[in-house]
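Enquirer: Build the full structure now, drawing on both the sequences and the hints.
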Amino acid sequence: MGSQGGFYQSKEFLDLVKSIGEARSKAEEDRIVLNEIETLKRRISEPDIPKRKMKEYIIRLVYIEMLGHDASFGYIHAVKMTHDDSLLVKRTGYLAVTLFLNEDHDLIILIVNTIQKDLKSDNYLVVCAALNAVCKLINEETIPAVLPQVMELLAHPKEAVRKKAIMALHRFYQKSPSSVSHLVSNFRKRLCDNDPGVMGATLCPLFELIAIDVNSYKDLVISFVSILKQVAERRLSKAYDYHQMPAPFIQIKLLKILALLGSGDKQASENMYTVVGDIFRKCDSSSNIGNAVLYECICCVSSIYPNPKLLESAADVISRFLKSDSHNLKYMGIDALGRLIKISPEIAEQHQLAVIDCLEDPDDTLKRKTFELLYKMTKSTNVEVIVDRMIDYMISINDNHYKTEIASRCVELAEQFAPSNQWFIQTMNRVFEHAGDLVNIKVAHNLMRLIAEGFGEDDDNADSKLRSSAVESYLRILGEPKLPSVFLQVICWVLGEYGTADGMFSASDITGKLCDVAEAYSNDETVKAYATTALMKIYAFEIAARRKVDMLPECQSLMEELLASHSTDLQQRAYELQAVIGLDAHAVECIMPSDASCEDIEVDRDLSFLNDYIQEAIEKGAQPYIPESERSGMLNISNFRNQDHHEASSHGLRFEAYELPKPAVQSRIPQTLIASTEIVPVPEPMYPRESYQTTMPSIPSDAGSAELKLRLEGVQKKWGRPTYTPATSTSNSTSQKTVNGTSQGDGASTVSSMRETYDSRKPQVEVSHEKQKLAASLFGGSSKTEKRPAAGHKAAKASSHMVEKSHVPKSSMEVASEKAAPAQQPPDLLDLGEPTATSTALQLDPFEQLEGLLDTTEVASAVNGAPAASRSPDIMALYADTAAGIHNKNDADLLSGLSNPSVTNMPGTTAMPQVTQSSSKGPNPKDSLEKDALVRQMGVNPSSQNPNLFKDLLG
Amino acid sequence: MGIRFILMVNKQGQTRLAQYYEWLTLEERRALEGEIVRKCLARNEQQCSFVEHRNYKIVYRRYASLFFLVGVDNDENELAILEFIHLLVETMDRHFGNVCELDIMFHLEKAHFMLEEMVMNGCIVETSKANILTPVQLLEKT
Chain P
1 MGSQGGFYQS KEFLDLVKSI GEARSKAEED RIVLNEIETL KRRISEPDIP KRKMKEYIIR
61 LVYIEMLGHD ASFGYIHAVK MTHDDSLLVK RTGYLAVTLF LNEDHDLIIL IVNTIQKDLK
121 SDNYLVVCAA LNAVCKLINE ETIPAVLPQV MELLAHPKEA VRKKAIMALH RFYQKSPSSV
181 SHLVSNFRKR LCDNDPGVMG ATLCPLFELI AIDVNSYKDL VISFVSILKQ VAERRLSKAY
241 DYHQMPAPFI QIKLLKILAL LGSGDKQASE NMYTVVGDIF RKCDSSSNIG NAVLYECICC
301 VSSIYPNPKL LESAADVISR FLKSDSHNLK YMGIDALGRL IKISPEIAEQ HQLAVIDCLE
361 DPDDTLKRKT FELLYKMTKS TNVEVIVDRM IDYMISINDN HYKTEIASRC VELAEQFAPS
421 NQWFIQTMNR VFEHAGDLVN IKVAHNLMRL IAEGFGEDDD NADSKLRSSA VESYLRILGE
481 PKLPSVFLQV ICWVLGEYGT ADGMFSASDI TGKLCDVAEA YSNDETVKAY ATTALMKIYA
541 FEIAARRKVD MLPECQSLME ELLASHSTDL QQRAYELQAV IGLDAHAVEC IMPSDASCED
601 IEVDRDLSFL NDYIQEAIEK GAQPYIPESE RSGMLNISNF RNQDHHEASS HGLRFEAYEL
661 PKPAVQSRIP QTLIASTEIV PVPEPMYPRE SYQTTMPSIP SDAGSAELKL RLEGVQKKWG
721 RPTYTPATST SNSTSQKTVN GTSQGDGAST VSSMRETYDS RKPQVEVSHE KQKLAASLFG
781 GSSKTEKRPA AGHKAAKASS HMVEKSHVPK SSMEVASEKA APAQQPPDLL DLGEPTATST
841 ALQLDPFEQL EGLLDTTEVA SAVNGAPAAS RSPDIMALYA DTAAGIHNKN DADLLSGLSN
901 PSVTNMPGTT AMPQVTQSSS KGPNPKDSLE KDALVRQMGV NPSSQNPNLF KDLLG
Chain G
1 MGIRFILMVN KQGQTRLAQY YEWLTLEERR ALEGEIVRKC LARNEQQCSF VEHRNYKIVY
61 RRYASLFFLV GVDNDENELA ILEFIHLLVE TMDRHFGNVC ELDIMFHLEK AHFMLEEMVM
121 NGCIVETSKA NILTPVQLLE KT
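Note that the protein sequences, when read in sequence, are chains P and G. In terms of full-length UniProt numbering, the first sequence has 308 at position 308, counting the first letter as 1, and numbering is strictly consecutive. In terms of full-length UniProt numbering, the second sequence has 23 at position 23, counting the first letter as 1, and numbering is strictly consecutive.
Since the hints were made in silico from the structure, they are not lab data. Check before you lean on any hint, since a few could be wrong.
Stated by the list, open to error - One-sided excerpt, in silico: chain P residues whose CB lies under 7 Å from chain G:
no.	residue
1	Val17
2	Phe100
3	Leu101
4	Asn139
5	Thr142
6	Ile143
7	Arg171
8	Glu296
9	Leu366
10	Lys367
11	Asn948
12	Phe950
Stated by the list, open to error - To give an idea of the chain G side of the interface with chain P (calculated C-beta under 8 Å), a few residues:
no.	residue
13	Trp23
14	Leu26
15	Leu32
16	Gln46
17	Tyr56
18	Tyr63
19	Asn74
20	Glu101
21	Leu102
22	Met105
23	Val125
24	Ser128
25	Leu133
Claimed, not checked - The calculated SDA-like cross-link candidates involving lysine to any residue, where the alpha carbons are at most 20 Å apart (straight line), are:
no.	chain 1	residue 1	chain 2	residue 2
26	P	Lys376	G	Asn74
27	P	Lys256	G	Arg4
28	P	Lys26	G	Lys141
29	G	Lys141	P	Asp85
30	P	Lys26	G	Gly34
Idealized CB from N, CA, C, for every residue including glycine.
Expert: Dropping the structure here:
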């Protein structure tokens, strides 16, 4: 029993803790704490408080802050307590200070002196207390004040001190690497410390140092390997054993370090193979900690220079993880698989069904991990299935952080592997629609550029089909409420450019929709600007086609509003629109040619068309123009003008040439006005250049200009037609299969139907048919791509057949094991089964079974991972189970309901209004506490307000 | 860095111990605890003991009424952290004898002292129960 001992506690403190412990809601807890704050504010500044009492006050302050309230009124007392002579009081003072203050707090300066003194103390416990504080409170400025003493302590006779001194040095390194850069060799020295604790602690800073600069530590490979070997051979003190594993935490740290050192280094890796192989063999795979070490081995093996034997062991462990019932092991398995497929991609295939199970698991953590794996194994053959799934999942979640991440991954995969432009547009539409505000604006520009450029040179028909389908889909999507701004910009631009191009929709259809957009999103100026320019284009095309232009009334009112807009940009666009409408067809044709967003704008930098005009002016006696470079004595003025430029650029008139067009302005208007410095190449000669570029990484500046001028180099090479030229080895059937979704689906179903014939002997096959289908579309790709080149050679055909056969039994075995497992996981692809699974789970108190199932005495032998433990039929567990029943959520509600009707005791909903007072909890808290203590000692289950408080954490 | 914080929270979501290895203001701590406790408490026992949150992960384990939550960086070995939690509970159990929520509440500073021995700068530095408990027990005798 951790009884009173040196930790004397007053009745007041016991009462406080008891009342906090029994508080049934956040509101009640807050009331207790606010009350406590008032009490302490009064008491703590009284004179001559005995130090035991003061220590207790400080702990009460810790409670106040821990429960979310400000206790800064008492910080100074915690600082004072660090000066105390009593070790316990001093250490409590240090603890409180580290909990209260950050390293930049003003009060730290008062502690540094104390720390300095304590570092010199004869009592090693005082030194340790001070070193703990050093690790938390010393910042860059105060490092020099304690550094010399910390360095001395590295050689202290007590291992506990050396260990903490090393960590203090580690902290200095984290805070300010330069201040201790001359001292890092000390970490190497301490690695050889004869105390395993010091050695183990030293691994932490070394790991960080090696991560930054691998090459300087290659000489330590041998040392790390030999330490790991000794640890694995149980040469360390038994005290470091954990569940019969020799120092597993040290093993894990060492494996992490070896992974860094062996990465891409064959020679270093060869030194590691034996010891890692030994650990693979020795590890107890039935305990959690054994599996933790095995997982670290896999990480190490997949990081260092590959070794076939180790990879095989790693694959075995992964398959065991994935087949386990434990979600934790499945999670580790999926993660490990993601690491290993980088080296041996073929391993994914044998686990396809397990992976799909994880993907469809209601457990969000597992699902996300699986998406991460899919992301790593995406290629052009399975991109459609994977991205579709990712988007579905993206739509289903609310967490913006993860939504952004998954959206950007979808975009990345789509750009990299899209089988067709049509698919790309559809995919982008879905991403934009559901996460538009979370994706980068560049993605929108890429999409517009793609629609404008289409498939490229020869197939105009396909291009216009693509555009019409885009227009059609956008008109449909506009019906949805609250679309993201970025997406609306794309929609407006495409509608303006191609809305009336194929004659399916009339100008009034499109303009009506555009006006609706401008009205519905009237707060978004960018969208309005896009809509206005789109309107102008539609009208210009109408005029150019010699059709009569009738402006819709809503459009007219919109223009009136914009002509008087506060935004100069909107105003200008409105005026331009007005001006364009007033022109005749010929003029409009010139300034606003139809479907010409990809055309080049030839810029006459000499402005030669003005020559006549200038000539005329000079003849009339005007001053000739002197180029800036030839002007003398006017330097100041030009300087002044340059300075002025920055302010002027945003508002006033500009005197110098316009700079290059901004990417945001995608309309044609600015392009006709803007003087570009270089002539954009015509699309035709561009393509050879592109294919040339596929062999070269594109130059950043080039990519930048592509951004500006609707060129497609950077993008097209990834998913446009040119991609297929380098990949000629894949036969035509591949590309056909992947051109659109439907034929891809066919391919998948043929594969699975083939599987079906193999498996037809087994009746269960139908169950997993859908799953197989998905598996085929996800993983089939890998076998297909592997096999396809072989299929070209007739001789290889037989062998490829063999390969297929060898896969099939495996998958059917998976199916069988699938069946053997309890049928909680419906084989359906649809989510139909999931809600029932969750709801049944929710009906039980989900943690009830877990409670108190671990008996300390049994732990070492019985803990075979959580699930195994929960099955162990020992008496303690049975007892605990019934006990758990007593304070099961609902029962607790009932109990509390007797004394406290307003309480709702749901996890998660903590802030509940509460009427009853805490005093109603019991007649005398002190009495009940003492009674509780007594019952506890007698080993009887206490019947207090909150029996949970007494529940043994371990069994 | 590794470990970012260690929390002990009961079934009602009330904090019983909090130790952060990077500085957060009171408001940030409050918000973070509210968010992650809600996330973890809503999960059932079949599900993973790991939850992704923002740019890090939470590894949690339940003992009777008390949840132990450890926030770790993404490259940390989750299973090892899960066992680290168990080691912590075993260590407290060895010290208190049948440790329960109330022991931690009454001896909050002791629980912190043990953590101070086990974790420094967000790294696990000591895993021998004897080494962890010796200084704590010596303190008691002073």
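Enquirer: It remains to establish, for every hint, whether it holds in the given structure.
Expert: Hint check results:
For valine 17 of chain P, the suggested interface contact is upheld, since its CB lies about 5 Å from the closest CB of chain G, less than 7 Å. With its C-beta approaching chain G no nearer than about 10 Å, phenylalanine 100 of chain P sits outside the 7 Å limit, and its interface hint is violated. A cut of 7 Å between beta carbons decides the hint on leucine 101 of chain P: the least distance to chain G is about 9 Å, and the hint is violated. Evaluation of the asparagine 139 of chain P hint against chain G yields a violated restraint, the C-beta minimum of about 11 Å exceeding 7 Å.
Against a cut-off of 7 Å between C-beta atoms, the interface hint on threonine 142 of chain P is violated, since the closest Cβ of chain G lies about 15 Å away. At a threshold of 7 Å, the smallest CB-CB gap from isoleucine 143 of chain P to chain G is about 14 Å, leaving the interface hint violated. Against a cut-off of 7 Å between C-beta atoms, the interface hint on arginine 171 of chain P holds, since the closest Cβ of chain G lies about 5 Å away. The criterion of a C-beta within 7 Å of any C-beta in chain G is met by glutamate 296 of chain P, whose closest approach is roughly 6 Å, and the hint holds.
Given the 7 Å rule on beta carbons, the hint for leucine 366 of chain P holds: about 6 Å separates it from the nearest Cβ of chain G. Look at lysine 367 of chain P: its Cβ only gets to about 10 Å from chain G, farther than 7 Å, so that hint breaks. Interface hint status for asparagine 948 of chain P: upheld, as the beta-carbon distance to the closest one in chain G is roughly 3 Å, under 7 Å. Evaluation of the phenylalanine 950 of chain P hint against chain G yields a held restraint, the C-beta minimum of about 5 Å falling below 7 Å.
The beta carbon of tryptophan 23 of chain G is positioned within 8 Å of a beta carbon in chain P (closest approach about 4 Å), and the interface hint is therefore held. Among the interface hints, the one on leucine 26 of chain G holds; its C-beta lies about 6 Å from the nearest C-beta in chain P, closer than the 8 Å criterion. The interface hint given for leucine 32 of chain G is broken, as the beta carbon of that residue sits about 11 Å from the closest beta carbon of chain P, more than 8 Å. The interface hint given for glutamine 46 of chain G is met, as the beta carbon of that residue sits about 6 Å from the closest beta carbon of chain P, less than 8 Å.
Here the hint on tyrosine 56 of chain G is broken, as its CB sits about 11 Å from the closest CB of chain P, past 8 Å. Checking tyrosine 63 of chain G against chain P by beta carbon gives a least distance of about 4 Å; that is within 8 Å, so the hint holds. Restraint check, asparagine 74 of chain G versus chain P: the minimum CB separation of about 10 Å is more than 8 Å; hint violated. The restraint placing glutamate 101 of chain G at the interface with chain P holds, with a minimum CB-CB distance near 5 Å, inside the 8 Å limit.
Because the closest C-beta pair between leucine 102 of chain G and chain P is about 4 Å apart, less than 8 Å, the hint holds. For methionine 105 of chain G, the suggested interface contact is upheld, since its CB lies about 5 Å from the closest CB of chain P, less than 8 Å. The restraint placing valine 125 of chain G at the interface with chain P holds, with a minimum CB-CB distance near 4 Å, inside the 8 Å limit. The beta carbon of serine 128 of chain G comes within 4 Å of a beta carbon in chain P, closer than 8 Å, and the hint placing it at the interface holds.
Because the closest C-beta pair between leucine 133 of chain G and chain P is about 11 Å apart, greater than 8 Å, the hint is violated. A hinted pair counts as satisfied when its Cα atoms are at most 20 Å apart, and lysine 376 of chain P with asparagine 74 of chain G qualifies at roughly 17 Å. In summary, the hint linking lysine 256 of chain P to arginine 4 of chain G is supported, as the alpha carbons are separated by about 19 Å, within the 20 Å threshold. At roughly 37 Å between alpha-carbon atoms, lysine 26 of chain P and lysine 141 of chain G are farther apart than 20 Å, so this suggested pair is violated.
Of the pairs offered as hints, the one joining lysine 141 of chain G and aspartate 85 of chain P holds, with about 15 Å between alpha carbons and a cut-off of 20 Å not exceeded. Only pairs whose Cα atoms come within 20 Å are accepted, and lysine 26 of chain P paired with glycine 34 of chain G is accepted, the gap being roughly 11 Å.
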